[in-house]
Amino acid sequence: MANTELKAKDYKSGIKPVWCAGCGDFGVLSAITKALAGLKIAPHDTAVISGIGCSSRIPAYVNTYGFHGVHGRALPIATGLKISRPDLTVLVTGGDGDGFSIGGNHFMQACRRNVDITYIVMDNQVYGMTKGQASPTTDADWDRSKLTPHGTNINPFYPLVVALASGANFIARASSSNPGGAAEVISEGINHPGFSFIQILSPCVTFRPEQREWKKFVRPAPIDATTDPTTAARRLMTDDNFYLGVLYKGDRASFQPDFEENPASEENLEEEFKL
Amino acid sequence: MNTPSENGTPKPSSLSIALVGSGGSGVMTAGSLLLEAAGRAGLYGIMTRASGPQIRGGEGAALLRLSTRPVFCHSGHFDLLLAIDWLNADRFAGEIPLDEKSYLAGDDKIPDYFVQTGANIRDISFKQLSTQAPGLRPNMIALGLIGAAIGLPMEELEAVSTKLISKKGEDAVRASLAGLLLGASHTSLLDGIKQIGKNLDPRTENPPDLWNISGNEAAGLGAIRGGIRFVAAYPITPATEVLEWLAPSLERIGGVLVQAEDELASVNQLIGASFGGTPSLTATSGPGLALMTESIGLAVASETPIVVVNVMRGGPSTGIPTKSEQSDLNIAIYGLHGDAPHLVVAPLSVGDCLFTTQWAVHLAETLQTAAIVLSDQSMGQARSVIPQPANISFPTKRFIQSEAVENYQRYKTGGSGVSAMALPGLAGCQYTADGLEHNPRGTPSSRAEDHAQQLDKRHNKLVQHDYGEHWAQIEGEGEIAVITWGSSLAPVQEALHTLAKEGINIRLIAPRLLLPVQPERMAVALAGVETALVVEQSHGAQFFHYLRAFYAPQCELQSMALPGAVPIRPDDILKTIQKLREQK
Numbered sequence: 001m002a003n004t005e006l007k008a009k010d011y012k013s014g015i016k017p018v019w020c021a022g023c024g025d026f027g028v029l030s031a032i033t034k035a036l037a038g039l040k041i042a043p044h045d046t047a048v049i050s051g052i053g054c055s056s057r058i059p060a061y062v063n064t065y066g067f068h069g070v071h072g073r074a075l076p077i078a079t080g081l082k083i084s085r086p087d088l089t090v091l092v093t094g095g096d097g098d099g100f101s102i103g104g105n106h107f108m109q110a111c112r113r114n115v116d117i118t119y120i121v122m123d124n125q126v127y128g129m130t131k132g133q134a135s136p137t138t139d140a141d142w143d144r145s146k147l148t149p150h151g152t153n154i155n156p157f158y159p160l161v162v163a164l165a166s167g168a169n170f171i172a173r174a175s176s177s178n179p180g181g182a183a184e185v186i187s188e189g190i191n192h193p194g195f196s197f198i199q200i201l202s203p204c205v206t207f208r209p210e211q212r213e214w215k216k217f218v219r220p221a222p223i224d225a226t227t228d229p230t231t232a233a234r235r236l237m238t239d240d241n242f243y244l245g246v247l248y249k250g251d252r253a254s255f256q257p258d259f260e261e262n263p264a265s266e267e268n269l270e271e272e273f274k275l
Numbered sequence: 276m277n278t279p280s281e282n283g284t285p286k287p288s289s290l291s292i293a294l295v296g297s298g299g300s301g302v303m304t305a306g307s308l309l310l311e312a313a314g315r316a317g318l319y320g321i322m323t324r325a326s327g328p329q330i331r332g333g334e335g336a337a338l339l340r341l342s343t344r345p346v347f348c349h350s351g352h353f354d355l356l357l358a359i360d361w362l363n364a365d366r367f368a369g370e371i372p373l374d375e376k377s378y379l380a381g382d383d384k385i386p387d388y389f390v391q392t393g394a395n396i397r398d399i400s401f402k403q404l405s406t407q408a409p410g411l412r413p414n415m416i417a418l419g420l421i422g423a424a425i426g427l428p429m430e431e432l433e434a435v436s437t438k439l440i441s442k443k444g445e446d447a448v449r450a451s452l453a454g455l456l457l458g459a460s461h462t463s464l465l466d467g468i469k470q471i472g473k474n475l476d477p478r479t480e481n482p483p484d485l486w487n488i489s490g491n492e493a494a495g496l497g498a499i500r501g502g503i504r505f506v507a508a509y510p511i512t513p514a515t516e517v518l519e520w521l522a523p524s525l526e527r528i529g530g531v532l533v534q535a536e537d538e539l540a541s542v543n544q545l546i547g548a549s550f551g552g553t554p555s556l557t558a559t560s561g562p563g564l565a566l567m568t569e570s571i572g573l574a575v576a577s578e579t580p581i582v583v584v585n586v587m588r589g590g591p592s593t594g595i596p597t598k599s600e601q602s603d604l605n606i607a608i609y610g611l612h613g614d615a616p617h618l619v620v621a622p623l624s625v626g627d628c629l630f631t632t633q634w635a636v637h638l639a640e641t642l643q644t645a646a647i648v649l650s651d652q653s654m655g656q657a658r659s660v661i662p663q664p665a666n667i668s669f670p671t672k673r674f675i676q677s678e679a680v681e682n683y684q685r686y687k688t689g690g691s692g693v694s695a696m697a698l699p700g701l702a703g704c705q706y707t708a709d710g711l712e713h714n715p716r717g718t719p720s721s722r723a724e725d726h727a728q729q730l731d732k733r734h735n736k737l738v739q740h741d742y743g744e745h746w747a748q749i750e751g752e753g754e755i756a757v758i759t760w761g762s763s764l765a766p767v768q769e770a771l772h773t774l775a776k777e778g779i780n781i782r783l784i785a786p787r788l789l790l791p792v793q794p795e796r797m798a799v800a801l802a803g804v805e806t807a808l809v810v811e812q813s814h815g816a817q818f819f820h821y822l823r824a825f826y827a828p829q830c831e832l833q834s835m836a837l838p839g840a841v842p843i844r845p846d847d848i849l850k851t852i853q854k855l856r857e858q859k
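In order, the protein sequence lines correspond to chains Y and D.
In terms of this note's numbering, the first sequence is residues 1 to 275.
In terms of this note's numbering, the second sequence is residues 276 to 859.
Derived from the structure by calculation, the hints contain no laboratory data.
The beta-carbon is built from N, C-alpha and C at its ideal position, and this holds for glycine as well.
Certain hints may be false.
What the hints assert, rightly or not - Non-contacting residues of chain D with respect to chain Y, defined by C-beta distances greater than 10 Å in every case (computed):
hint: 1; residue: Thr304
hint: 2; residue: Trp361
hint: 3; residue: Arg366
hint: 4; residue: Lys384
hint: 5; residue: Tyr388
hint: 6; residue: Arg397
hint: 7; residue: Ser400
hint: 8; residue: Leu411
hint: 9; residue: Ala615
hint: 10; residue: Ile675
hint: 11; residue: Ser691
hint: 12; residue: Leu730
hint: 13; residue: Asn780
hint: 14; residue: Gln829
hint: 15; residue: Lys850
Claimed, not checked - Below, a list of computed lysine-lysine pairs in the DSSO-like style, where the Cα atoms sit at most 27 Å apart:
hint: 16; chain 1: D; residue 1: Lys384; chain 2: Y; residue 2: Lys274
hint: 17; chain 1: D; residue 1: Lys854; chain 2: Y; residue 2: Lys274
hint: 18; chain 1: Y; residue 1: Lys274; chain 2: D; residue 2: Lys687
hint: 19; chain 1: D; residue 1: Lys473; chain 2: Y; residue 2: Lys274
hint: 20; chain 1: D; residue 1: Lys687; chain 2: Y; residue 2: Lys12
hint: 21; chain 1: Y; residue 1: Lys16; chain 2: Y; residue 2: Lys40
hint: 22; chain 1: D; residue 1: Lys376; chain 2: D; residue 2: Lys776
hint: 23; chain 1: Y; residue 1: Lys16; chain 2: D; residue 2: Lys687
hint: 24; chain 1: Y; residue 1: Lys131; chain 2: Y; residue 2: Lys146
hint: 25; chain 1: D; residue 1: Lys469; chain 2: D; residue 2: Lys384
Claimed, not checked - What the simulated footprint calls covered on chain Y by chain D, stretch by stretch (three residues with Cβ under 8 Å from a Cβ of chain D suffice, anywhere in the stretch; the number is not a length):
hint: 26; segment: 61-72
hint: 27; segment: 76-87
hint: 28; segment: 191-205
hint: 29; segment: 267-275
With the hints as constraints, model all of the structure from the sequences given.
Rendered as structure tokens:
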């Protein structure tokens with residue numbers, strides 16, 4: 001990876017985001033560009049992959065290579081890219097609906113597979129792009145959506161717990177209200193081998209205006225990241241979802257099949273068919 | 276097919292054999308060894324499998340046809356049905372047509388259905404024979420009987436058996452060879468078959484180098500010859516053998532196969548790998564193709580080359596996973612939402628699975644789009660002895676942006692419509708590939724001008740390409756034509772061959788390229804034709820309606836559309852053509 005002397009702003013594409021004023025995703029965009037600049041990873045050696053949703057627009061707003069795919073399938077695109085191009089730094093950005101609902105199985109399988117990519121989920125507990133429906137992380141009694149006027153009445157999904165159970169090698173939480181802190185967590189996630197999962201609390205000021213208050217609740221986790229899954233499980237199960245920082249760091253090796261060109265020629269493959 | 280022999284009586288040049296038995300009786304092994312030995316002796320042949328619904332341990336049938344000339348389908352007559360046991364064998368009755376010229380060999384518990392065919396019954400219990408000495412296996416005795424009856428050299432039978440069984444130790448090899456000899460000592464039971472076997476002497480024909488390969492293996496080899504180095508896939512019948520062959524083969528040449536969590540993941544992994552510059556392919560069947568269609572549209576819109584080999588099976592829904600049908604034509608042609616020009620190609624035989632898959636990779640890479648290869652169970656899972664396929668190489672080269680430029684435009688319009696693709700790692704050409712409509716730079720855009728421009732770009736690059744002679748296989752002359760595709764070609768060719776010997780000439784048109792459509796080339800191919808019979812294996816006459824929609828032929832079109840699960844046979848086609856000629 002070539003060293004660069006670029007500043008965070010040099011990682012932005014200059015395209016104006018579609019986001020509402022005050023959207024938490026501005027802070028996340030800023031955190032991502034800060035992290036890349038801090039790590040001196042060249043924009044052309046980086047790929048940012050996403051699916052569909054407000055936060056999935058990020059690839060267009062950064063000056064790296066990017067892929068804006070279909071809803072829920074960002075992780076498989078990133079998996080195929082990283083396995084075939086291990087030289088690249090691969091980030092995946094998206095929202096809670098994209099990642100945990102339509103893409104939920106890919107989330108679990110990506111944790112299991114442990115390819116060396118960093119997955120940043122901007123969690124605002126709502127579908128913003130389709131104008132305010134409940135997502136997997138929405139509380140069961142949230143009744144502000146026309147689709148579920150009596151609330152969803154189903155339990156919310158706890159992504160960090162699922163990530164741990166599924167085998168993610170790095171689990172962290174950050175807040176868009178503190179881009180500097182989020183940048184540090186992202187940098188650490190990029191540097192950690194294997195699949196790094198980072199939940200960033202990123203308020204939707206339009207459909208969940210009460211989330212503006214989140215910045216008052218968030219606080220650093222009082223303890224260092226554990227490497228013990230049992231401790232991490234206890235912490236994540238009892239956590240109030242506002243502790244920030246790196247919460248678990250595993251030591252599994254990344255999944256990376258050998259992709260070296262092999263001298264065995266194609267003709268050898270044909271021998272088995274000859275009579 | 277009959278050719279006159281020295282004494283003037285018709286000389287059959289092919290022999291059809293069915294081996295049936297319950298699970299563990301080894302009929303598939305015996306069938307494979309028979310095909311291999313026949314191939315080594317210079318005969319052509321095909322073997323398909325029929326099995327009950329059990330995953331393992333159920334009844335099975337190995338269906339073989341051996342011939343002195345290349346043969347790609349079963350005939351409407353089986354010369355020999357040989358049973359290790361008869362347990363549930365009547366399940367396969369529809370697939371093994373017998374008549375009074377056929378032979379039935381097995382123990383005395385023959386199901387009534389088979390007795391009623393009037394076939395000649397030969398009483399022999401392979402299970403009982405196998406008790407004569409320790410280690411004897413009924414299937415090897417049966418193999419010895421058939422092999423000797425049709426005149427295969429015993430050394431070839433011994434060689435293929437030893438190759439297979441050697442890893443089980445010397446005793447097993449000795450026992451299997453003893454089994455072959457024991458079976459061979461009973462050939463007097465099958466004098467009628469011996470007679471046919473005498474006509475199957477290939478050594479007078481000086482055959483070319485032969486391969487023993489299945490359509491699914493051929494598709495895998497075509498993928499690698501085309502340059503595929505990344506495969507992500509989810510197992511599905513009847514496509515899994517493509518993947519099972521590719522996994523170790525890719526490893527040997529520096530590629531990789533990833534087993535994905537589902538078809539949604541596999542197609543998107545291809546898109547990711549291909550975006551990074553690695554030619555990528557998956558194999559699936561109808562249900563998997565249905566799951567992939569949204570993202571195949573993403574490959575089209577983002578102009579990321581991918582290849583999807585779809586080995587068709589009976590549908591809709593779970594349908595009949597182990598039987599063939601050509602009923603995924605509609606989803607392949609029309610399945611993508613929006614206006615999404617893409618490539619659809621269809622191999623025409625077991626061996627052509629190699630060429631057509633390789634061609635699909637070439638086209639997808641050259642035109643930066645998605646290609647669907649429509650193979651099917653009938654050729655995918657058929658094992659065939661064929662002449663060694665020609666080694667054709669294409670000048671496949673993806674149009675890659677080689678150096679940094681100011682204001683790089685990934686989706687630049689104009690020219691051939693194919694625009695230079697920058698690969699991650701190249702400084703100064705960063706862009707975002709997008710399924711959202713975009714402008715030439717790749718920036719999302721909902722402007723009508725950008726939409727129209729990019730739609731034109733993606734359409735024009737496909738229709739302006741010269742697909743050359745490969746677009747179709749065209750043979751013969753005549754005012755009557757048969758238009759067919761895929762595995763339906765084999766029985767059509769055999770029927771037309773029979774007619775040609777009677778001096779009746781029929782034109783044959785079998786398109787390999789189904790999308791983009793080639794109406795001008797088809798018009799030339801159909802010049803002078805008054806009536807065309809459209810032969811396909813689908814209940815809804817999908818191919819017939821496709822031809823009507825895109826080709827508007829001047830001639831009269833008649834449909835012969837039969838659903839699975841039994842293959843279309845040459846006799847069915849002969850009868851239809853004869854009726855057609857009487858009408859005229």
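Structure-based check of each hint:
Remark: the non-interface label on threonine 304 of chain D is consistent with the geometry, its nearest Cβ contact in chain Y lying 17 Å away (cut-off 10 Å). Every CB of chain Y lies more than 10 Å from the CB of tryptophan 361 of chain D, the least distance being 33 Å, so the non-interface label holds. With a closest Cβ-Cβ approach of about 32 Å to chain Y, arginine 366 of chain D is found to remain outside the 10 Å limit, as its non-interface label requires. No beta-carbon of chain Y comes within 10 Å of the beta-carbon of lysine 384 of chain D; the shortest separation is about 37 Å.
Every CB of chain Y lies more than 10 Å from the CB of tyrosine 388 of chain D, the least distance being 36 Å, so the non-interface label holds. The Cβ of arginine 397 of chain D lies farther than 10 Å from every Cβ of chain Y, with a closest approach of about 30 Å, so its non-interface assignment holds. Every C-beta of chain Y lies more than 10 Å from that of serine 400 of chain D, the closest at about 33 Å, which supports listing it as non-interface. Chain Y leaves leucine 411 of chain D outside its interface by the beta-carbon criterion, the shortest separation being 28 Å against a cut-off of 10 Å.
Listed as a non-interface residue, alanine 615 of chain D keeps its Cβ farther than 10 Å from every Cβ of chain Y; the least gap is roughly 13 Å. Non-interface call for isoleucine 675 of chain D relative to chain Y: holds, since the shortest CB-CB distance, roughly 14 Å, exceeds 10 Å. Listed as outside the interface, serine 691 of chain D is consistent with that label: its C-beta sits roughly 24 Å from the nearest C-beta of chain Y, beyond the 10 Å cut-off. Remark: the non-interface label on leucine 730 of chain D is consistent with the geometry, its nearest Cβ contact in chain Y lying 19 Å away (cut-off 10 Å).
Separation of asparagine 780 of chain D from chain Y is adequate, the least Cβ-Cβ distance of about 35 Å exceeding the 10 Å criterion. Every beta carbon of chain Y lies more than 10 Å from that of glutamine 829 of chain D, the smallest distance being close to 42 Å; the non-interface claim holds. Every Cβ of chain Y is farther than 10 Å from the Cβ of lysine 850 of chain D; the closest lies at roughly 36 Å, confirming the non-interface assignment. A threshold of 27 Å between alpha carbons decides the hint, and for lysine 384 of chain D with lysine 274 of chain Y the separation of about 40 Å lies outside it, so the pair is violated.
A distance of roughly 43 Å separates the Cα atoms of lysine 854 of chain D and lysine 274 of chain Y; the hinted pair therefore is violated under the 27 Å criterion. At roughly 47 Å between alpha-carbon atoms, lysine 274 of chain Y and lysine 687 of chain D are farther apart than 27 Å, so this suggested pair is violated. A threshold of 27 Å between alpha carbons decides the hint, and for lysine 473 of chain D with lysine 274 of chain Y the separation of about 25 Å falls inside it, so the pair holds. Straight-line distance between C-alpha atoms of lysine 687 of chain D and lysine 12 of chain Y comes to about 22 Å, which keeps the hinted pair within the 27 Å bound.
Proximity of lysine 16 of chain Y to lysine 40 of chain Y is assessed by CA-CA distance (about 24 Å); at most 27 Å being required, the pair is judged to hold. Restraint check for lysine 376 of chain D and lysine 776 of chain D: the C-alpha separation of about 23 Å stays at or below 27 Å, so the hint holds. For the hint pairing lysine 16 of chain Y with lysine 687 of chain D, the CA-to-CA distance comes to about 22 Å; that is within 27 Å, so the pair holds. The hinted pair formed by lysine 131 of chain Y and lysine 146 of chain Y meets the criterion: a straight-line CA distance of about 10 Å does not exceed 27 Å.
At most 27 Å may separate the alpha-carbon atoms for a hinted pair to count; lysine 469 of chain D and lysine 384 of chain D meet this at roughly 25 Å. Here's how the segment 61-72 of chain Y fares: 9 of its residues keep a CB closer than 8 Å to some CB of chain D, so the rule of at least three is met and the hint holds. Coverage of a stretch by a chain is defined here by at least three residues with a beta carbon nearer than 8 Å to that chain's beta carbons; for the segment 76-87 of chain Y and chain D the count is 11, and the condition holds. With 0 residues having a Cβ less than 8 Å from any Cβ of chain D, the segment 191-205 of chain Y misses the three-residue criterion, and the hint is violated.
Chain D is given as covering the segment 267-275 of chain Y, and this holds because 6 residues of the stretch bring a CB closer than 8 Å to a CB of that chain, at least three being needed.
In this structure, the earlier hints numbered 16, 17, 18, 28 are contradicted, and the remaining ones agree with it.
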